[in-house]
Amino acid sequence: MLTFTLPSLGADMERGRLVEWRVKPGDTVARGQVVAVVDTDKAAIEVECWQPGVVHALLVPVGETVPVGTPLATLLELGETAPAPGTTEPARAVAAATATAVRASPGARERARELGLDLATLAAGSAAGTLTRSDVERAAAAPVGARTSGEGTELRRTIAAAMARSKREIPHYYLAETLCVARATAWLERRNEGRPAGARLVLAALLVKSVARAAQEYPDFNGWFQDGAHRPSGQVNVGLAVALRGGGVIAPALAGAERASPDELMRALTDLVTRARAGALRSSEIGTATITITSLGERGVEAVFGVIHAPQVALVGFGSPAERPWVLDGEVRPAPVLVATLAADHRVSDGHRGALFLARIAALVQRPEEL
Amino acid sequence: MEEPELRREVMRALRAVAPEVEEAALDPRAPLREQVDLDSIDFLRFLAELEARLGIAIPEAEYARLTSLDSLVQALAERSAPARR
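Taken in sequence, the protein lines are chains A and B. Just so you know, we're using the numbering used here here: the first sequence kicks off at 953 and counts up by one. Just so you know, we're using the numbering used here here: the second sequence kicks off at 106 and counts up by one.
Looking at chain A on its own, in the form it has when it is part of the complex (with noise of 0.2 angstroms):
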């Protein structure tokens, strides 16, 4: 008999609320199958079982909050024949096969716990769809009441908590480097020419690739301070700071963006990015990240000095391209400019070597047709 364990799904998570399983008893499970959605503190993730078996009983009913590591589910090992009734009598029995799910955007449920509200009676009146925030705040406004929050929200204190740690525990030091990407924007017209929005690439999609196969050619940027050292990771999951509509930042990881091609790349951002905002990630995304990119930039600013999320040791900063005077072969033209930014862990890394991974990324940037 396998037991399943409610898994951390990142370094800061201390429990979380089961918003629905996607098993019922009986259920054969395979390996990274999605089984049940669990609300943390920042999102709602999909948790994958990494061990495949037969669901023999839940253990945890819709609805309740648990601590990491309490067991959810028992699982019957592939072949194994279930224990006789009455021996290993699970602690509660569950009705989970029967209770529906809620679809709602991570502000919603934000907005639902500060306001006292149940998802679930929202839900039921409403037509049809995903509940956004502002169907709990329509539905909040009927009872007028002098609900205030001042102590900030759940995913504020959440992000409070992890960047004060940051600060405190990382000594951080910071670059930044100008590129121009005329070359680069002219390839991704030339690129995008004739085809379907759904088709196109974006400049982030090869500031992403470029940034990964960086960080696999120097791993003193990729991988986790952990027990006092660096441990490097011998392969890279971009974290990809994604902002949420109704305030805060989530940072899923994407595996393997230094093999990908611009196309698979490109869909699989766009399936990161949507899952984040409408809050479906999955555990494998949270808290796995070994390098995360923000590019605040898309925002309108110029540049970005970020802070990096620990346990990681580096963090790359894109701001927004805008035209600027650049010289070339002695002559001053409008061109596209980037400012790319560095946060790296002086415990780990030194600025020259820092100076040679930004580099390294600007010169791939520039050359788009390698990637």
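Since the hints were derived computationally from the structure, they do not count as laboratory data. Where hints are given, some of them may not hold.
What the hints assert, rightly or not - Covered stretches of chain A (in silico footprint by chain B; criterion: 3 or more residues with CB under 8 angstroms from a CB of chain B, positions within the stretch not fixed): (1) 1135-1147; (2) 1152-1158; (3) 1218-1228.
For every residue, glycine included, the Cβ atom is placed at its ideal position computed from N, Cα and C.
Since the structure of chain A is already known, use the hints to place chain B on it.
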């Protein structure tokens, strides 16, 4: 397709990407991407949704015209009804 109908399709496509958006809260003459907080990936998803709903192509060269809700609807009206002009 007439303008009011086009506008409804635009709002539907927008809500597919940003479910919380309400038309009443939008300034139809101000830049849409800033108001709705669409990054480049969101914007492409929005255009892909529009292309699918309207059965037209929206090339990259048109992006400069697709700023506010009003100019977007105007550009789409021209694209979806070339025979009338």
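Which hint numbers does the structure go against, in order from smallest to largest?
Structure breaks no hint.
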